Amino acid sequence: MPPVTRVVLAEDEVLLREGLVGLLTRFGFAVVAAVGTAPALLDAVRTHRPELLVTDIRMPPEHRDDGLRAAVALRTERPDLAVVVLSQHVQSGYAAALLDSGDGRRVGYLLKDRVADVAEFADTLRRVAAGGTAVDPDVVRHLLRRPRDPLAALSPREREVLALVAEGHSNGAIAARLHVTEAAVGKHVGNILTKLDLPPNDDTNRRVLAVLTYLRSGG
Amino acid sequence: MTLDEPRHLAEALRRPRYLISAWPWRALAYAVTTVPLSGVLAVGLSVVGAPLLAVVTAAQRGRPVALPLVAVLTVVALAALAVAPLASAPLAVVERWRLGVVDGRPLPGPRVRGLAARYTTAAGWREVAYAAWLGGVVPLAYGMFALLVLLDVTLVAGPWLAGGAERIVLVWTTVDTPGAAVPYAVAGLLAVPGLGYLAGLLVAGQAAVARRLLGAPPDGTALREVTRSRARLVGAYEAERRRIERDVHDGAQPRLTSLTLQLGLARLDVPEDSPAAKPLAVAHEQAKELMVTLRGIVQGIRPQQLTELGLAGAVRELAAQATVPVTVRADLTRPVPELVETTAWYVVSEALGNVARHAGASRAEVRLTLPDRRLVVEVEDDGRGGADPALGTGLTGLADRVAAVDGRLLLASPPGGPTLVRVELPCRP
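Protein sequence lines correspond, in order, to chains A and B. Going by this note's numbering, the first sequence runs without a break in its numbering and finishes at 239. Going by this note's numbering, the second sequence runs without a break in its numbering and finishes at 430.
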């Protein structure tokens with residue numbers, strides 16, 4: 021049995037917070053603290069030192085992007101802290117800010133809607149906790165609408181593959197979705213990395229860098 | 002009544018059929034009713050005028066001025082000054098009503114509320130000035146006119162008057178037979194229409210002065226108030242939108258998310274062959290769709306980026322979504338009122354939309370600055386220019402939105418580009 025992932029949860033609406041605690045517990049996460057404000061979130065993470073933080077963006081005290089700012093601050097303190105941020109609406113700037121914190125790994129930016137598909141949501145959390153990156157498909161779609169450098173060099177198929185990489189899927193999962201072989205996906209990914217001029221070292225890291233390029237191309 | 006009918010005396014005077022219309026009679030009615038009012042006021046004025054005249058005359062002739070006379074003059078002048086604003090108030094009411102005889106246009110009086118205001122407002126003192134004019138200047142004009150009328154009557158009556166033994170003096174000459182007076186009588190008769198016009202001019206002039214002095218002040222107070230109340234109204238709408246957005250974001254959205262989550266969890270526990278499985282799946286899907294719908298609604302009420310990121314952040318977000326690279330330079334050293342923030346956001350959103358749709362630009366720049374008590378938003382692109390507000394509703398809609406907060410929109414878009422949209426929004430606390 022794999023070690024239980026310890027989670028701090030931050031969400032200001034009580035019903036949803038309780039619902040999320042129920043979901044996380046059900047899928048085998050250990051919720052060590054569930055809080056409702058950004059300062060409480062900072063305290064809880066510093067006290068409990070969880071592996072994963074799941075937080076809402078708009079929270080007290082300022083009701084602006086308090087949750088995101090707390091998450092980015094914590095990532096600077098602890099680059100190994102996995103963070104999944106939940107947003108009520110698409111905001112590509114948030115995703116970029118989050119991916120810019122630390123090395124761009126162990127981060128996720130999801131619309132709150134993803135919570136509804138409970139099993140998939142739990143999967144995404146596990147992927148991020150294990151070192152992956154997850155960007156909401158809606159954010160990705162949003163970014164794909166912009167025809168601009170440096171992604172201009174990519175073919176439509178390669179963009180499609182990169183979008184799925186950004187969502188945090190493995191080559192196998194991407195192959196299944198696009199109804200092609202895993203080898204074909206591997207080839208596409210290789211082309212993407214070459215076209216984006218990413219150094220050949222650890223493959224996972226390059227994948228993340230590709231996603232970062234992708235998101236930053238928004239400027 | 003036709004639309005073409007003159008509405009006041011000065012207009013009627015310019016019509017060819019003036020003399021055979023009702024207007025000369027109306028002018029006469031106005032003049033006749035002016036006489037008693039003017040006369041009373043003239044007597045009142047002479048109470049001040051007489052000692053003044055005595056003092057002036059004495060001074061002119063180099064004689065010493067009697068001290069009691071100066072004392073009387075001072076007391077009378079002060080008393081007149083004290084009473085005038087009160088006395089002129091009822092007069093102004095009567096005069097506004099009487100003006101209706103020769104001027105059909107409505108004349109709203111200025112608002113002078115309370116006794117003190119009669120002494121402290123310009124409107125109060127304008128009524129005093131009117132009383133002074135009616136008592137001091139009008140009688141002189143009427144006197145001269147009366148003299149002219151008298152002369153004309155003498156001319157016309159000449160043939161009958163000249164029948165006696167004495168010679169009759171007719172203005173500048175003398176006649177002694179009725180026959181010799183006839184040409185003068187004819188001239189006198191011919192002068193009657195001229196007198197009719199002169200009377201009309203006199204009364205029209207009098208009415209114009211009355212209108213000027215008794216009407217509401219012609220400054221922009223009322224206009225400014227309208228602008229402000231519009232800004233207040235728009236501000237109230239904005240506050241209401243923000244409240245609704247907050248309520249939905251803090252209340253409805255998380256509860257709906259929670260509901261959808263619970264339905265998702267329930268689906269895990271219901272076996273696929275259970276009769277509950279299908280309705281549960283439908284409910285789950287519908288709840289998910291509702292989340293999307295609700296998000297769209299909230300975004301339409303107020304851009305959520307503004308709430309979370311502030312103006313500069315939200316504008317950067319807009320720039321990131323644009324189809325061409327957009328540089329954002331935000332120099333916002335002070336907080337900006339919410340309504341101004343929202344307006345500025347819509348301005349940038351619409352302007353960047355235009356850049357994408359029409360400009361054919363390869364890049365654009367957005368500048369936000371607070372030079373004084375205004376927020377200045379500039380959106381510039383290197384496109385083909387030639388933007389014309391007449392061609393699309395985008396720029397017009399933008400101008401309306403800007404005008405609603407009392408701001409202004411300037412556009413420079415020569416053919417060949419570049420296009421610069423500049424919007425200035427006043428930041429009232």
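Treat the hints as calculated values from the structure; they're not laboratory data. Check each hint, because a few of them may be wrong.
Claimed, not checked - Here are the simulated SDA-like pairs of lysine to any residue, each with C-alpha atoms no more than 25 Å apart in a straight line: (1) A:K207 / A:S190; (2) B:K289 / A:R161; (3) B:K279 / A:D137; (4) A:K215 / B:K289.
Model, not experiment: these values are computed from the prediction.
Hints versus structure:
| no. | hint | result |
| --- | --- | --- |
| 1 | A:K207 / A:S190 | 13 Å, holds |
| 2 | B:K289 / A:R161 | 19 Å, holds |
| 3 | B:K279 / A:D137 | 16 Å, holds |
| 4 | A:K215 / B:K289 | 38 Å, violated |
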